[in-house]
Amino acid sequence: CINTCNYSNVIMGQLPSQCGDWFCASERRVVSPLMALSFLCCCILLCCAVACLISGGSIVNAEAVWDHVTMADRELAFKAGDVIKVLDASNKDWWWGQIDEEEGWFPASFVRLWVNQDDVGGEPAEGTSEVQNGHLDPTNDCLCLGSPLQNRDQMRANVINEIMSTERHYIKHLKDICEGYLRQCRKRVDMFNDDQLRVIFGNIEDIFRFQMGFVRDLEKQYNTDDPHLSEIGPCFLEHQDGFWIYSEYCNNHLDACMELSKLMRDGRYQHFFEACRLLQQMIDIAIDGFLLTPVQKICKYPLQLAELLKYTAQEHSDYRYVAAALAVMRNVTQQINERKRRLENIDKIAQWQASVLDWEGDDILDRSSELIYTGELSWIYQPYGRSQQRVFFLFDHQLVLCKKDLIRRDILYYKGRIDMDRYDVRDAIDGRDDDFNVSVKNAFKLCNKDSEEIHIFLAKKPEEKIRWLRAFHEERKMVQEDEKIGFEISEYQKRQAAMTVRKVTKQKGEATRRYQVISLFFSSLVCSVFSSLFTLFSLTCSLLCLPLSTPLFSNMPTLFMSGRRLSVC
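According to the UniProt record's numbering, the sequence shown holds residues 1 to 569 in order.
Dumping the calculated BS3-like pairs for lysine-lysine here, alpha-carbon to alpha-carbon at most 25 Å:
(1) K220 / K175
(2) K460 / K441
(3) K465 / K415
(4) K503 / K348
(5) K348 / K262
(6) K403 / K461
(7) K404 / K415
(8) K310 / K297
(9) K297 / K172
(10) K310 / K79
(11) K297 / K220
(12) K297 / K484
(13) K310 / K220
(14) K415 / K460
(15) K449 / K484
(16) K460 / K403
(17) K460 / K404
(18) K461 / K445
(19) K449 / K465
(20) K348 / K404
(21) K403 / K465
(22) K297 / K79
(23) K477 / K449
Cβ-Cβ distance ranges computed for the label pairs, FRET-style:
(24) V69 / D434: 56 to 62 Å
(25) N161 / M191: 40 to 46 Å
(26) A80 / E463: 37 to 43 Å
(27) D88 / L197: 45 to 51 Å
(28) D284 / R476: 45 to 51 Å
(29) Q480 / I283: 37 to 43 Å
(30) R386 / D288: 57 to 63 Å
(31) M212 / K484: 21 to 27 Å
(32) N151 / M212: 30 to 36 Å
(33) M212 / N161: 17 to 23 Å
(34) W94 / R476: 49 to 55 Å
(35) R265 / W66: 28 to 34 Å
(36) A286 / V69: 18 to 24 Å
(37) R467 / A498: 27 to 33 Å
Derived from the structure by calculation, the hints contain no laboratory data. Glycine is no exception: its CB is placed at the ideal position from the N, C-alpha and C atoms.
Please model the complete structure; the sequences and the hints are all you need to start from.
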(Lines of atoms letter the chains of each structure in order from A; the text may use other names.)
(Lines give C-alpha, C1' and ligand atoms only; values in the text may rest on other atoms or scores of the structure.)
Protein backbone atom coordinates (compact mmCIF):
# COMPACT_ATOMS: atom_id res chain seq x y z
CA CYS A 1 0.00 0.00 0.00
CA ILE A 2 1.08 3.57 -0.55
CA ASN A 3 0.71 6.56 1.67
CA THR A 4 -1.74 9.30 0.71
CA CYS A 5 0.25 12.13 2.27
CA ASN A 6 2.66 14.46 0.49
CA TYR A 7 5.84 12.43 0.04
CA SER A 8 7.95 15.47 -0.71
CA ASN A 9 7.68 16.17 3.02
CA VAL A 10 9.12 12.74 3.76
CA ILE A 11 12.04 13.34 1.43
CA MET A 12 12.76 16.56 3.30
CA GLY A 13 12.94 14.65 6.58
CA GLN A 14 9.35 14.07 7.75
CA LEU A 15 8.11 10.49 8.28
CA PRO A 16 4.88 9.04 6.80
CA SER A 17 2.02 8.45 9.21
CA GLN A 18 -0.96 7.10 7.22
CA CYS A 19 -1.41 4.33 4.68
CA GLY A 20 -3.96 4.21 1.91
CA ASP A 21 -4.90 2.08 -1.07
CA TRP A 22 -3.34 -1.03 -2.59
CA PHE A 23 -0.51 -0.55 -5.06
CA CYS A 24 -0.31 -2.86 -8.10
CA ALA A 25 3.33 -3.89 -8.70
CA SER A 26 2.84 -4.98 -12.31
CA GLU A 27 0.93 -1.92 -13.55
CA ARG A 28 2.44 0.65 -11.14
CA ARG A 29 -0.95 2.06 -10.22
CA VAL A 30 -3.32 2.09 -7.31
CA VAL A 31 -5.95 -0.67 -7.43
CA SER A 32 -8.77 -1.82 -5.22
CA PRO A 33 -8.43 -4.80 -2.86
CA LEU A 34 -11.09 -6.59 -4.96
CA MET A 35 -8.90 -6.44 -8.07
CA ALA A 36 -5.90 -7.75 -6.12
CA LEU A 37 -8.04 -10.62 -4.80
CA SER A 38 -9.21 -11.44 -8.34
CA PHE A 39 -5.63 -11.60 -9.56
CA LEU A 40 -4.72 -13.94 -6.70
CA CYS A 41 -7.65 -16.21 -7.60
CA CYS A 42 -6.43 -16.42 -11.21
CA CYS A 43 -2.99 -17.54 -10.00
CA ILE A 44 -4.55 -20.22 -7.83
CA LEU A 45 -6.73 -21.43 -10.72
CA LEU A 46 -3.65 -21.71 -12.95
CA CYS A 47 -1.87 -23.85 -10.35
CA CYS A 48 -4.98 -26.03 -10.06
CA ALA A 49 -5.06 -26.46 -13.85
CA VAL A 50 -1.43 -27.55 -13.90
CA ALA A 51 -2.06 -29.95 -11.03
CA CYS A 52 -5.03 -31.47 -12.86
CA LEU A 53 -2.98 -32.01 -16.00
CA ILE A 54 -0.23 -33.71 -14.00
CA SER A 55 -2.74 -35.95 -12.22
CA GLY A 56 -4.27 -36.79 -15.62
CA GLY A 57 -0.97 -38.22 -16.85
CA SER A 58 0.19 -35.26 -18.98
CA ILE A 59 3.82 -34.24 -19.06
CA VAL A 60 4.29 -30.62 -17.92
CA ASN A 61 7.62 -28.93 -18.67
CA ALA A 62 8.80 -25.56 -17.41
CA GLU A 63 11.80 -23.48 -18.47
CA ALA A 64 14.00 -21.87 -15.82
CA VAL A 65 14.08 -18.09 -16.08
CA TRP A 66 16.59 -17.56 -13.23
CA ASP A 67 19.36 -19.60 -11.67
CA HIS A 68 18.28 -21.45 -8.52
CA VAL A 69 20.97 -22.07 -5.91
CA THR A 70 19.85 -24.73 -3.43
CA MET A 71 19.69 -23.91 0.27
CA ALA A 72 18.40 -27.30 1.48
CA ASP A 73 18.99 -30.95 0.63
CA ARG A 74 15.59 -31.53 -1.02
CA GLU A 75 15.74 -28.47 -3.32
CA LEU A 76 16.40 -28.79 -7.06
CA ALA A 77 19.27 -26.71 -8.45
CA PHE A 78 19.19 -25.43 -12.04
CA LYS A 79 20.50 -22.74 -14.35
CA ALA A 80 18.55 -20.26 -16.44
CA GLY A 81 17.45 -22.00 -19.63
CA ASP A 82 17.22 -25.48 -18.10
CA VAL A 83 13.97 -27.38 -18.62
CA ILE A 84 12.32 -28.97 -15.57
CA LYS A 85 9.73 -31.72 -15.69
CA VAL A 86 7.02 -30.62 -13.24
CA LEU A 87 5.78 -33.56 -11.14
CA ASP A 88 3.72 -31.77 -8.49
CA ALA A 89 2.21 -28.26 -8.63
CA SER A 90 -0.31 -28.53 -5.80
CA ASN A 91 1.47 -25.73 -3.91
CA LYS A 92 1.32 -22.34 -5.62
CA ASP A 93 4.78 -21.26 -4.37
CA TRP A 94 6.91 -24.44 -4.48
CA TRP A 95 6.70 -27.16 -7.11
CA TRP A 96 8.28 -30.61 -7.22
CA GLY A 97 10.25 -31.28 -10.40
CA GLN A 98 12.88 -33.42 -12.08
CA ILE A 99 16.00 -32.80 -14.18
CA ASP A 100 17.59 -35.99 -15.48
CA GLU A 101 17.63 -38.30 -12.46
CA GLU A 102 17.49 -35.58 -9.80
CA GLU A 103 14.24 -34.52 -8.14
CA GLY A 104 13.46 -31.78 -5.66
CA TRP A 105 11.49 -28.67 -4.72
CA PHE A 106 11.95 -25.42 -6.61
CA PRO A 107 10.23 -21.98 -6.49
CA ALA A 108 7.46 -21.68 -9.05
CA SER A 109 8.32 -18.03 -9.65
CA PHE A 110 11.71 -19.05 -11.05
CA VAL A 111 10.23 -20.85 -14.07
CA ARG A 112 7.73 -20.32 -16.84
CA LEU A 113 5.55 -23.06 -18.29
CA TRP A 114 6.00 -24.19 -21.85
CA VAL A 115 2.61 -23.22 -23.20
CA ASN A 116 3.19 -24.34 -26.79
CA GLN A 117 5.75 -25.69 -29.22
CA ASP A 118 6.33 -24.98 -32.89
CA ASP A 119 4.27 -27.18 -35.21
CA VAL A 120 6.64 -28.16 -37.99
CA GLY A 121 4.62 -29.99 -40.65
CA GLY A 122 2.22 -32.85 -40.07
CA GLU A 123 0.82 -34.27 -36.89
CA PRO A 124 2.76 -34.08 -33.64
CA ALA A 125 4.78 -37.13 -32.71
CA GLU A 126 3.14 -39.57 -30.39
CA GLY A 127 4.30 -39.83 -26.81
CA THR A 128 5.60 -37.16 -24.54
CA SER A 129 8.42 -34.70 -24.82
CA GLU A 130 11.68 -35.72 -23.25
CA VAL A 131 14.06 -33.66 -21.21
CA GLN A 132 17.70 -34.52 -21.83
CA ASN A 133 20.52 -33.01 -19.77
CA GLY A 134 18.18 -30.36 -18.46
CA HIS A 135 17.23 -29.09 -21.93
CA LEU A 136 14.20 -29.80 -24.05
CA ASP A 137 14.62 -32.09 -27.04
CA PRO A 138 13.67 -29.82 -29.96
CA THR A 139 12.47 -32.78 -32.03
CA ASN A 140 9.60 -33.47 -29.63
CA ASP A 141 6.48 -31.44 -28.95
CA CYS A 142 5.95 -29.83 -25.58
CA LEU A 143 2.71 -29.63 -23.64
CA CYS A 144 0.04 -27.18 -24.72
CA LEU A 145 -2.00 -26.19 -21.68
CA GLY A 146 -5.54 -26.42 -22.99
CA SER A 147 -4.70 -24.68 -26.31
CA PRO A 148 -3.99 -26.04 -29.80
CA LEU A 149 -0.45 -25.98 -31.08
CA GLN A 150 0.33 -22.63 -32.65
CA ASN A 151 2.36 -22.25 -35.78
CA ARG A 152 5.85 -20.82 -36.00
CA ASP A 153 4.69 -17.34 -37.04
CA GLN A 154 2.42 -17.02 -34.03
CA MET A 155 5.20 -18.16 -31.73
CA ARG A 156 7.60 -15.63 -33.26
CA ALA A 157 4.99 -12.91 -32.82
CA ASN A 158 4.66 -13.86 -29.15
CA VAL A 159 8.42 -13.58 -28.62
CA ILE A 160 8.57 -10.24 -30.45
CA ASN A 161 5.71 -8.88 -28.33
CA GLU A 162 7.43 -10.06 -25.16
CA ILE A 163 10.69 -8.33 -26.14
CA MET A 164 8.90 -5.08 -26.93
CA SER A 165 6.89 -5.22 -23.70
CA THR A 166 9.92 -5.86 -21.50
CA GLU A 167 11.88 -3.06 -23.21
CA ARG A 168 9.09 -0.54 -22.56
CA HIS A 169 8.84 -1.54 -18.92
CA TYR A 170 12.62 -1.42 -18.59
CA ILE A 171 12.70 2.16 -19.90
CA LYS A 172 10.10 3.12 -17.30
CA HIS A 173 12.21 1.38 -14.67
CA LEU A 174 15.38 3.31 -15.62
CA LYS A 175 13.43 6.56 -15.64
CA ASP A 176 12.18 5.85 -12.12
CA ILE A 177 15.75 5.30 -10.89
CA CYS A 178 17.10 8.48 -12.49
CA GLU A 179 14.20 10.74 -11.57
CA GLY A 180 12.91 9.05 -8.43
CA TYR A 181 16.21 8.34 -6.68
CA LEU A 182 19.20 10.06 -8.32
CA ARG A 183 17.54 13.46 -8.83
CA GLN A 184 16.28 13.55 -5.23
CA CYS A 185 19.68 12.47 -3.89
CA ARG A 186 21.41 15.32 -5.68
CA LYS A 187 19.12 17.77 -3.90
CA ARG A 188 20.26 16.52 -0.48
CA VAL A 189 23.87 17.70 -0.42
CA ASP A 190 23.78 17.30 3.35
CA MET A 191 23.35 13.51 2.96
CA PHE A 192 25.24 12.61 -0.24
CA ASN A 193 28.45 13.78 -1.87
CA ASP A 194 29.43 13.33 -5.52
CA ASP A 195 31.67 10.33 -4.84
CA GLN A 196 28.88 8.47 -3.05
CA LEU A 197 26.40 9.08 -5.86
CA ARG A 198 28.98 7.99 -8.44
CA VAL A 199 29.53 4.74 -6.55
CA ILE A 200 25.84 4.00 -5.87
CA PHE A 201 24.37 4.84 -9.28
CA GLY A 202 27.37 4.38 -11.55
CA ASN A 203 26.61 5.30 -15.17
CA ILE A 204 22.87 4.61 -14.89
CA GLU A 205 22.06 7.85 -16.74
CA ASP A 206 24.24 6.79 -19.70
CA ILE A 207 22.42 3.46 -19.78
CA PHE A 208 19.05 5.26 -19.73
CA ARG A 209 20.01 7.45 -22.69
CA PHE A 210 21.36 4.48 -24.63
CA GLN A 211 18.24 2.39 -23.99
CA MET A 212 16.02 5.27 -25.12
CA GLY A 213 17.73 5.30 -28.51
CA PHE A 214 17.72 1.52 -28.74
CA VAL A 215 13.99 1.24 -28.00
CA ARG A 216 13.25 4.06 -30.43
CA ASP A 217 14.86 2.03 -33.23
CA LEU A 218 13.07 -1.12 -32.07
CA GLU A 219 9.73 0.66 -32.34
CA LYS A 220 10.54 1.65 -35.93
CA GLN A 221 11.20 -1.98 -36.86
CA TYR A 222 8.16 -3.30 -34.98
CA ASN A 223 5.26 -4.32 -37.21
CA THR A 224 2.11 -3.65 -35.23
CA ASP A 225 -0.25 -5.50 -37.58
CA ASP A 226 1.96 -8.55 -38.18
CA PRO A 227 4.55 -8.75 -35.35
CA HIS A 228 6.12 -11.91 -36.80
CA LEU A 229 7.27 -9.88 -39.81
CA SER A 230 9.23 -7.47 -37.59
CA GLU A 231 12.98 -7.33 -38.23
CA ILE A 232 14.63 -6.41 -34.94
CA GLY A 233 17.94 -8.24 -35.47
CA PRO A 234 19.60 -5.26 -37.23
CA CYS A 235 18.79 -3.04 -34.21
CA PHE A 236 20.96 -5.18 -31.93
CA LEU A 237 23.80 -5.20 -34.47
CA GLU A 238 23.60 -1.45 -34.97
CA HIS A 239 23.83 -0.78 -31.22
CA GLN A 240 26.23 -3.59 -30.33
CA ASP A 241 29.03 -1.20 -29.29
CA GLY A 242 26.63 0.70 -27.02
CA PHE A 243 25.91 -2.37 -24.90
CA TRP A 244 29.47 -2.26 -23.57
CA ILE A 245 28.48 0.56 -21.21
CA TYR A 246 26.84 -2.15 -19.11
CA SER A 247 30.33 -3.44 -18.32
CA GLU A 248 31.14 -0.39 -16.21
CA TYR A 249 27.82 -0.60 -14.40
CA CYS A 250 28.12 -4.33 -13.66
CA ASN A 251 31.69 -3.92 -12.46
CA ASN A 252 30.61 -1.13 -10.13
CA HIS A 253 27.52 -2.94 -8.81
CA LEU A 254 29.31 -4.72 -5.95
CA ASP A 255 30.73 -1.41 -4.68
CA ALA A 256 27.27 0.14 -4.93
CA CYS A 257 25.82 -2.59 -2.72
CA MET A 258 28.59 -2.13 -0.15
CA GLU A 259 28.08 1.64 -0.06
CA LEU A 260 24.32 1.24 0.29
CA SER A 261 24.67 -1.27 3.12
CA LYS A 262 26.78 1.25 5.04
CA LEU A 263 24.27 4.05 4.50
CA MET A 264 21.30 1.87 5.44
CA ARG A 265 22.66 1.49 8.96
CA ASP A 266 21.39 5.03 9.48
CA GLY A 267 17.59 5.21 9.74
CA ARG A 268 17.54 8.58 7.95
CA TYR A 269 18.67 6.99 4.70
CA GLN A 270 16.14 4.17 4.99
CA HIS A 271 13.26 6.64 5.34
CA PHE A 272 14.67 8.86 2.58
CA PHE A 273 14.92 6.07 -0.04
CA GLU A 274 11.48 4.77 0.89
CA ALA A 275 9.99 8.23 0.50
CA CYS A 276 11.63 8.59 -2.92
CA ARG A 277 10.07 5.31 -4.01
CA LEU A 278 6.60 6.28 -2.83
CA LEU A 279 6.75 9.74 -4.36
CA GLN A 280 7.64 8.26 -7.76
CA GLN A 281 4.95 5.56 -7.27
CA MET A 282 7.44 2.77 -7.86
CA ILE A 283 6.83 -0.89 -7.09
CA ASP A 284 7.55 -2.18 -3.60
CA ILE A 285 11.21 -3.14 -4.01
CA ALA A 286 14.18 -1.80 -2.08
CA ILE A 287 16.63 0.47 -3.89
CA ASP A 288 19.24 -2.28 -4.20
CA GLY A 289 16.64 -4.33 -6.08
CA PHE A 290 16.08 -1.50 -8.54
CA LEU A 291 19.83 -1.08 -9.08
CA LEU A 292 20.15 -4.80 -9.83
CA THR A 293 17.79 -4.56 -12.83
CA PRO A 294 20.40 -3.44 -15.44
CA VAL A 295 22.63 -6.37 -14.44
CA GLN A 296 19.74 -8.78 -14.94
CA LYS A 297 18.66 -7.09 -18.18
CA ILE A 298 21.97 -7.45 -20.02
CA CYS A 299 22.04 -11.14 -19.10
CA LYS A 300 18.50 -11.67 -20.38
CA TYR A 301 19.15 -10.51 -23.96
CA PRO A 302 20.85 -13.77 -25.09
CA LEU A 303 17.92 -15.79 -23.72
CA GLN A 304 15.37 -13.68 -25.58
CA LEU A 305 17.34 -13.75 -28.84
CA ALA A 306 17.86 -17.52 -28.57
CA GLU A 307 14.12 -18.01 -28.22
CA LEU A 308 13.46 -15.63 -31.13
CA LEU A 309 15.92 -17.51 -33.33
CA LYS A 310 14.23 -20.78 -32.43
CA TYR A 311 10.92 -19.60 -33.91
CA THR A 312 12.44 -17.78 -36.92
CA ALA A 313 12.46 -19.75 -40.16
CA GLN A 314 15.76 -19.82 -42.04
CA GLU A 315 14.10 -18.26 -45.07
CA HIS A 316 12.91 -15.31 -42.95
CA SER A 317 14.67 -12.05 -43.82
CA ASP A 318 15.52 -11.49 -40.14
CA TYR A 319 17.07 -14.92 -39.52
CA ARG A 320 20.73 -14.16 -40.22
CA TYR A 321 20.51 -10.85 -38.35
CA VAL A 322 19.02 -12.51 -35.26
CA ALA A 323 21.70 -15.22 -35.38
CA ALA A 324 24.44 -12.57 -35.58
CA ALA A 325 22.81 -10.53 -32.80
CA LEU A 326 22.66 -13.62 -30.57
CA ALA A 327 26.40 -14.22 -31.06
CA VAL A 328 27.15 -10.56 -30.31
CA MET A 329 25.07 -10.43 -27.12
CA ARG A 330 26.51 -13.70 -25.87
CA ASN A 331 29.98 -12.27 -26.35
CA VAL A 332 28.99 -9.07 -24.51
CA THR A 333 27.63 -10.95 -21.50
CA GLN A 334 30.61 -13.29 -21.46
CA GLN A 335 33.07 -10.40 -21.44
CA ILE A 336 31.09 -8.57 -18.74
CA ASN A 337 31.18 -11.67 -16.54
CA GLU A 338 34.91 -11.99 -17.18
CA ARG A 339 35.55 -8.37 -16.20
CA LYS A 340 33.48 -8.85 -13.07
CA ARG A 341 35.58 -11.89 -12.15
CA ARG A 342 38.75 -9.85 -12.62
CA LEU A 343 37.54 -7.12 -10.30
CA GLU A 344 36.75 -9.70 -7.65
CA ASN A 345 40.42 -10.81 -7.78
CA ILE A 346 42.02 -7.41 -7.24
CA ASP A 347 42.23 -8.02 -3.48
CA LYS A 348 44.43 -11.06 -4.15
CA ILE A 349 46.71 -9.00 -6.40
CA ALA A 350 47.05 -6.31 -3.74
CA GLN A 351 47.85 -8.94 -1.10
CA TRP A 352 50.47 -10.49 -3.38
CA GLN A 353 52.19 -7.12 -3.83
CA ALA A 354 52.20 -6.60 -0.06
CA SER A 355 54.01 -9.94 0.37
CA VAL A 356 56.86 -8.92 -2.00
CA LEU A 357 59.75 -7.32 -0.13
CA ASP A 358 61.59 -4.14 -1.23
CA TRP A 359 58.77 -3.06 -3.54
CA GLU A 360 59.49 0.11 -5.52
CA GLY A 361 57.44 2.34 -7.82
CA ASP A 362 53.72 2.36 -8.56
CA ASP A 363 51.28 -0.24 -7.30
CA ILE A 364 50.31 -3.11 -9.58
CA LEU A 365 46.66 -2.03 -9.53
CA ASP A 366 47.52 1.36 -11.00
CA ARG A 367 47.81 -0.32 -14.40
CA SER A 368 46.96 -4.01 -14.10
CA SER A 369 44.04 -6.12 -12.96
CA GLU A 370 44.88 -9.70 -13.96
CA LEU A 371 47.78 -12.11 -13.37
CA ILE A 372 48.09 -13.97 -16.68
CA TYR A 373 51.10 -16.26 -16.18
CA THR A 374 54.05 -16.83 -13.85
CA GLY A 375 57.19 -18.95 -13.87
CA GLU A 376 60.99 -19.07 -13.54
CA LEU A 377 63.23 -18.09 -16.45
CA SER A 378 66.88 -17.33 -17.09
CA TRP A 379 67.24 -13.68 -18.03
CA ILE A 380 69.99 -11.82 -19.89
CA TYR A 381 69.63 -8.05 -20.07
CA GLN A 382 72.70 -6.83 -21.96
CA PRO A 383 75.24 -8.28 -24.40
CA TYR A 384 77.98 -10.31 -22.74
CA GLY A 385 76.00 -10.13 -19.51
CA ARG A 386 75.67 -13.11 -17.25
CA SER A 387 72.45 -15.11 -17.03
CA GLN A 388 70.28 -14.46 -13.94
CA GLN A 389 67.56 -16.72 -12.58
CA ARG A 390 64.39 -14.77 -11.83
CA VAL A 391 60.69 -15.38 -11.13
CA PHE A 392 58.50 -13.50 -13.61
CA PHE A 393 54.87 -12.45 -13.13
CA LEU A 394 53.06 -11.41 -16.30
CA PHE A 395 50.20 -8.98 -15.70
CA ASP A 396 48.29 -6.98 -18.27
CA HIS A 397 50.54 -4.04 -19.26
CA GLN A 398 53.60 -5.14 -17.26
CA LEU A 399 56.04 -7.96 -16.47
CA VAL A 400 57.31 -8.01 -12.86
CA LEU A 401 60.72 -9.50 -11.96
CA CYS A 402 61.35 -11.02 -8.52
CA LYS A 403 64.16 -12.95 -6.84
CA LYS A 404 63.68 -15.77 -4.37
CA ASP A 405 65.30 -15.70 -0.94
CA LEU A 406 68.34 -18.01 -0.67
CA ILE A 407 67.08 -19.71 2.49
CA ARG A 408 63.32 -19.26 2.47
CA ARG A 409 62.31 -19.88 -1.14
CA ASP A 410 58.76 -18.65 -0.53
CA ILE A 411 59.98 -15.09 0.10
CA LEU A 412 60.26 -12.82 -2.96
CA TYR A 413 62.28 -9.64 -3.47
CA TYR A 414 61.27 -7.04 -6.04
CA LYS A 415 63.88 -6.60 -8.79
CA GLY A 416 62.12 -4.51 -11.40
CA ARG A 417 59.44 -4.51 -14.09
CA ILE A 418 59.09 -4.24 -17.87
CA ASP A 419 56.40 -2.10 -19.53
CA MET A 420 54.78 -4.47 -22.03
CA ASP A 421 53.17 -1.59 -23.94
CA ARG A 422 56.66 -0.54 -25.11
CA TYR A 423 57.96 -3.97 -26.12
CA ASP A 424 57.39 -6.54 -28.85
CA VAL A 425 57.74 -10.27 -28.27
CA ARG A 426 59.91 -12.16 -30.75
CA ASP A 427 60.81 -15.80 -31.01
CA ALA A 428 64.51 -16.74 -30.88
CA ILE A 429 65.99 -19.62 -32.89
CA ASP A 430 68.08 -22.16 -31.00
CA GLY A 431 71.82 -21.64 -31.54
CA ARG A 432 74.19 -18.70 -31.43
CA ASP A 433 72.42 -15.38 -30.85
CA ASP A 434 73.95 -12.44 -32.74
CA ASP A 435 72.65 -9.74 -30.36
CA PHE A 436 74.03 -11.30 -27.17
CA ASN A 437 76.81 -13.48 -28.64
CA VAL A 438 75.70 -16.47 -26.56
CA SER A 439 74.23 -19.88 -27.32
CA VAL A 440 70.52 -19.99 -26.56
CA LYS A 441 67.89 -22.72 -26.41
CA ASN A 442 64.14 -22.41 -25.80
CA ALA A 443 64.53 -18.63 -25.87
CA PHE A 444 62.45 -15.58 -26.79
CA LYS A 445 63.13 -11.84 -26.77
CA LEU A 446 61.48 -8.61 -25.69
CA CYS A 447 62.54 -5.75 -27.99
CA ASN A 448 61.89 -2.11 -27.19
CA LYS A 449 59.86 -0.33 -29.88
CA ASP A 450 61.59 3.03 -29.38
CA SER A 451 65.21 1.97 -28.74
CA GLU A 452 67.63 -0.91 -29.29
CA GLU A 453 67.07 -2.30 -25.81
CA ILE A 454 66.61 -6.09 -25.84
CA HIS A 455 65.89 -8.67 -23.13
CA ILE A 456 66.38 -12.37 -23.77
CA PHE A 457 64.68 -15.11 -21.75
CA LEU A 458 65.53 -18.81 -21.66
CA ALA A 459 63.07 -21.50 -20.60
CA LYS A 460 64.05 -24.95 -19.37
CA LYS A 461 61.76 -26.84 -21.76
CA PRO A 462 60.20 -26.11 -25.17
CA GLU A 463 56.72 -26.55 -23.69
CA GLU A 464 57.43 -23.81 -21.16
CA LYS A 465 58.55 -21.47 -23.94
CA ILE A 466 55.32 -22.12 -25.88
CA ARG A 467 53.23 -21.37 -22.79
CA TRP A 468 55.03 -18.06 -22.30
CA LEU A 469 54.52 -17.02 -25.93
CA ARG A 470 50.81 -17.84 -25.65
CA ALA A 471 50.61 -15.84 -22.43
CA PHE A 472 52.15 -12.77 -24.10
CA HIS A 473 49.65 -13.09 -26.95
CA GLU A 474 46.78 -13.33 -24.45
CA GLU A 475 48.09 -10.26 -22.62
CA ARG A 476 48.01 -8.12 -25.77
CA LYS A 477 44.53 -9.38 -26.65
CA MET A 478 43.25 -8.55 -23.16
CA VAL A 479 44.70 -5.03 -23.34
CA GLN A 480 43.00 -4.38 -26.69
CA GLU A 481 39.63 -5.59 -25.40
CA ASP A 482 39.96 -3.43 -22.29
CA GLU A 483 40.68 -0.38 -24.42
CA LYS A 484 37.66 -1.15 -26.59
CA ILE A 485 35.18 -1.22 -23.72
CA GLY A 486 36.97 1.29 -21.48
CA PHE A 487 37.64 -1.16 -18.66
CA GLU A 488 39.58 0.20 -15.68
CA ILE A 489 39.74 -0.13 -11.92
CA SER A 490 38.12 2.78 -10.13
CA GLU A 491 39.87 4.68 -7.37
CA TYR A 492 37.22 3.48 -4.94
CA GLN A 493 38.01 -0.15 -5.76
CA LYS A 494 41.73 0.51 -5.34
CA ARG A 495 41.11 2.05 -1.92
CA GLN A 496 38.97 -0.92 -0.90
CA ALA A 497 41.73 -3.32 -1.97
CA ALA A 498 44.33 -1.30 -0.06
CA MET A 499 42.15 -1.37 3.07
CA THR A 500 41.80 -5.15 2.74
CA VAL A 501 45.58 -5.53 2.46
CA ARG A 502 46.17 -3.35 5.52
CA LYS A 503 43.61 -5.37 7.46
CA VAL A 504 45.19 -8.69 6.48
CA THR A 505 48.70 -7.36 7.18
CA LYS A 506 47.59 -6.11 10.58
CA GLN A 507 46.09 -9.49 11.45
CA LYS A 508 49.28 -11.26 10.35
CA GLY A 509 51.37 -8.81 12.39
CA GLU A 510 49.26 -9.39 15.50
CA ALA A 511 49.53 -13.15 15.03
CA THR A 512 53.32 -12.84 14.66
CA ARG A 513 53.57 -10.70 17.79
CA ARG A 514 51.45 -13.19 19.76
CA TYR A 515 53.71 -15.98 18.57
CA GLN A 516 56.80 -14.00 19.64
CA VAL A 517 55.32 -13.26 23.07
CA ILE A 518 54.41 -16.90 23.62
CA SER A 519 57.84 -18.06 22.43
CA LEU A 520 59.58 -15.60 24.75
CA PHE A 521 57.40 -16.71 27.66
CA PHE A 522 58.19 -20.38 27.19
CA SER A 523 61.88 -19.62 26.64
CA SER A 524 62.00 -17.65 29.90
CA LEU A 525 60.13 -20.43 31.66
CA VAL A 526 62.60 -23.05 30.44
CA CYS A 527 65.54 -20.84 31.44
CA SER A 528 64.07 -20.32 34.90
CA VAL A 529 63.58 -24.05 35.38
CA PHE A 530 67.14 -24.82 34.30
CA SER A 531 68.46 -22.01 36.54
CA SER A 532 66.59 -23.43 39.52
CA LEU A 533 67.83 -26.92 38.77
CA PHE A 534 71.42 -25.70 38.46
CA THR A 535 71.15 -23.84 41.77
CA LEU A 536 69.70 -26.92 43.45
CA PHE A 537 72.44 -29.06 41.90
CA SER A 538 75.13 -26.66 43.15
CA LEU A 539 73.74 -26.75 46.69
CA THR A 540 73.61 -30.52 46.58
CA CYS A 541 77.21 -30.70 45.44
CA SER A 542 78.24 -28.33 48.24
CA LEU A 543 76.50 -30.47 50.84
CA LEU A 544 78.15 -33.57 49.47
CA CYS A 545 81.51 -31.75 49.32
CA LEU A 546 81.86 -32.43 45.56
CA PRO A 547 84.29 -30.05 43.80
CA LEU A 548 82.76 -27.82 41.10
CA SER A 549 86.12 -27.32 39.40
CA THR A 550 85.71 -30.42 37.28
CA PRO A 551 85.39 -29.73 33.50
CA LEU A 552 81.71 -30.66 33.44
CA PHE A 553 80.71 -28.46 36.37
CA SER A 554 82.94 -25.51 35.44
CA ASN A 555 81.48 -25.31 31.92
CA MET A 556 77.81 -25.58 32.93
CA PRO A 557 77.28 -21.87 33.75
CA THR A 558 78.75 -20.83 30.41
CA LEU A 559 76.65 -23.35 28.55
CA PHE A 560 73.58 -22.27 30.44
CA MET A 561 74.07 -18.55 29.74
CA SER A 562 74.70 -19.23 26.04
CA GLY A 563 71.54 -21.30 25.83
CA ARG A 564 69.56 -18.60 27.60
CA ARG A 565 70.76 -15.88 25.24
CA LEU A 566 69.90 -18.05 22.25
CA SER A 567 66.41 -18.81 23.63
CA VAL A 568 65.68 -15.14 24.32
CA CYS A 569 66.77 -14.19 20.80
